[in-house]
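Taken in order, these protein sequences are the chains called A and B.
Position 92, counted from 1, in the first sequence is what our numbering calls 92; the numbers after and before it change by one each time, with no gaps.
Position 105, counted from 1, in the second sequence is what our numbering calls 1105; the numbers after and before it change by one each time, with no gaps.
Since the hints were made in silico from the structure, they are not lab data.
We put the CB at the ideal spot given by N, CA and C, even for glycine.
Be aware that a few hints might be false.
As the list claims (entries may be wrong) - Which stretches of chain B does chain A cover? Using the computed rule of at least three CB atoms under 8 angstroms from a CB of chain A, they are:
id	region
1	1024 to 1038
2	1050 to 1061
What the hints assert, rightly or not - Listed below are several chain A residues computed to face chain B (Cβ distance under 7 angstroms; list not exhaustive):
id	residue
3	12
4	15
5	65
6	69
7	75
8	93
9	99
10	142
11	145
12	146
13	148
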Amino acid sequence: MTKVLAAASAGGHWEQMMLLRPTLEQFQVHFATTLADLPKRAGITDATILPDCNQDQVFNSLRCLMAAAALVLRFRPDVVISTGAAPGFFCILAGRLIGARTLWIDSVANAEKLSMCGKLSRYFSSHCVTQWEHLAQDGRPAYIGNLL
Amino acid sequence: MILVTVGMQLAFDRLIRAMDELAPTLDMPVVAQTGKGTYQARNIRTLESIPPSEFDEMIRETRLIVAHAGIGTVLTAQKFGKPILLFPRRAALGEHRNDHQLATVGQLRGRPGVIVVEDEADLAAGVAQGLAIDVIAEQTVPRRDQLRQALHTFIVSGDLAG
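In isolation and in its complexed conformation, chain A is listed as follows:
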C-alpha cells in the first residue's frame, strides 16, 4: 500500500491537512506536526512531533531538518505532502532524496504571494500548488482547488 507522509505545522497548516484526512487515509498515512496536543485531539495516536522552527532560527532549523530526515529514513514514504511550513518543507526535501514524489500545498493564508518555502518548493518539490488561481504560474505553482 502506498505510504504517505503528511507534514503540517500547528495552527492553520494542520487544520488544512485535517481537511485532507479522508483522502489521505485511503492510503497508509503517517502524520507529522509540531504540537503533540493536535494529533491527540484528532484521535491520531502515532504521529511524529517535529521541533518547530522558522527561517530566522538557524539552530532550530538544523534540529528540525535532522528530525525530518530521521523520520523520512525510518518511515520510507512513497509520497510526502505538506501544507506548510518549514518543518514540512524539510520533510519534502528529505523525501526527494530517497526518491519519494512530493507535493507542497501552499497555505490558503498566502493569498498575496507564495510563502518562502512555497517558492523553494517550485524547485525542490515534485509539484507545488497554490490555493489561489491568480498566483498560479505555468503549473509551478499549479492551482488545483482551495480548502477554505
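Here the structure of chain A is known, so what remains is to put chain B in place on it, guided by the hints.
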C-alpha cells in the same frame, strides 16, 4: 458565552479592546484568548493561550466566535458548526506582515455562519447579527473537493491532473 481569539503568533489589541468595551452591553460572558497582546481588559476574562483540546471544549459551549481572520480559527469554527465573526488584521496598523486576512474574508463573505466586520464601529451590530444565528445552513465547498480529488490523483499517479 462569546469566545474571542486572535491566534498564538501576534498581538491584536484593537480587537480585544473593542470587545472589552462592548462586553458590558452583552448579557453573556466574554472570554478572550489574547496571544502576545498587552492591553489590560476590564470587563472580560483573558487568557494568553488556550491548549487545543481545551479550546475545543470552550468552542462547544460558545454561541459566537469573534476572531482575527486566521485560517486555523476559521476552519475550527467550520468543524464545530459555530457562527464566526471575522475581524481582519491590517498591515497598515502593524497587525500583520501583509493584508492576506482581507483576502481570506473576501472569500468567506456571504458564507452561512460567517460575519465580516472591518471597522470597530460596526462591531456591535456584527455581534448582534452573529448572536441571532441559530442554525448554519449545510454548505458544500466544490473547490475543496476539487483539491481532495487532485491530491488523490497525485498520490496514485504522481500527476496533478487525472
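Verification of the hints:
A stretch counts as covered by a chain when three or more of its residues have a beta carbon under 8 angstroms from one of that chain; for the region 1024 to 1038 of chain B and chain A the count is 0, and the coverage is violated. Counting residues of the region 1050 to 1061 of chain B whose beta carbon lies closer than 8 angstroms to any beta carbon of chain A gives 4, which reaches the threshold of three, so the coverage claim holds. Satisfaction of the interface hint for residue 12/A is found here, the shortest Cβ-Cβ separation to chain B being roughly 3 angstroms, below the 7 angstroms cut-off. With its C-beta approaching chain B no nearer than about 4 angstroms, residue 15/A sits inside the 7 angstroms limit, and its interface hint holds.
Interface restraint check: residue 65/A against chain B, minimum CB-CB distance 22 angstroms, threshold 7 angstroms, status violated. For residue 69/A, the suggested interface contact is broken, since its CB lies about 22 angstroms from the closest CB of chain B, more than 7 angstroms. At its closest, the beta carbon of residue 75/A sits 15 angstroms from a beta carbon of chain B; the interface hint therefore is violated under the 7 angstroms criterion. Because the closest C-beta pair between residue 93/A and chain B is about 18 angstroms apart, greater than 7 angstroms, the hint is violated.
For residue 99/A, the shortest C-beta to C-beta distance to chain B is roughly 11 angstroms, which exceeds 7 angstroms, and the interface hint is violated. Because the smallest distance between the Cβ of residue 142/A and any Cβ of chain B comes to about 6 angstroms, under 7 angstroms, the interface hint for this residue holds. Hint status for residue 145/A: holds, given a least beta-carbon distance of 3 angstroms to chain B, under 7 angstroms. At about 4 angstroms, the closest approach between the beta carbon of residue 146/A and any beta carbon in chain B falls short of 7 angstroms, and the interface hint on this residue holds.
Hint status for residue 148/A relative to chain B: holds, with the closest Cβ pair at about 6 angstroms, below 7 angstroms.
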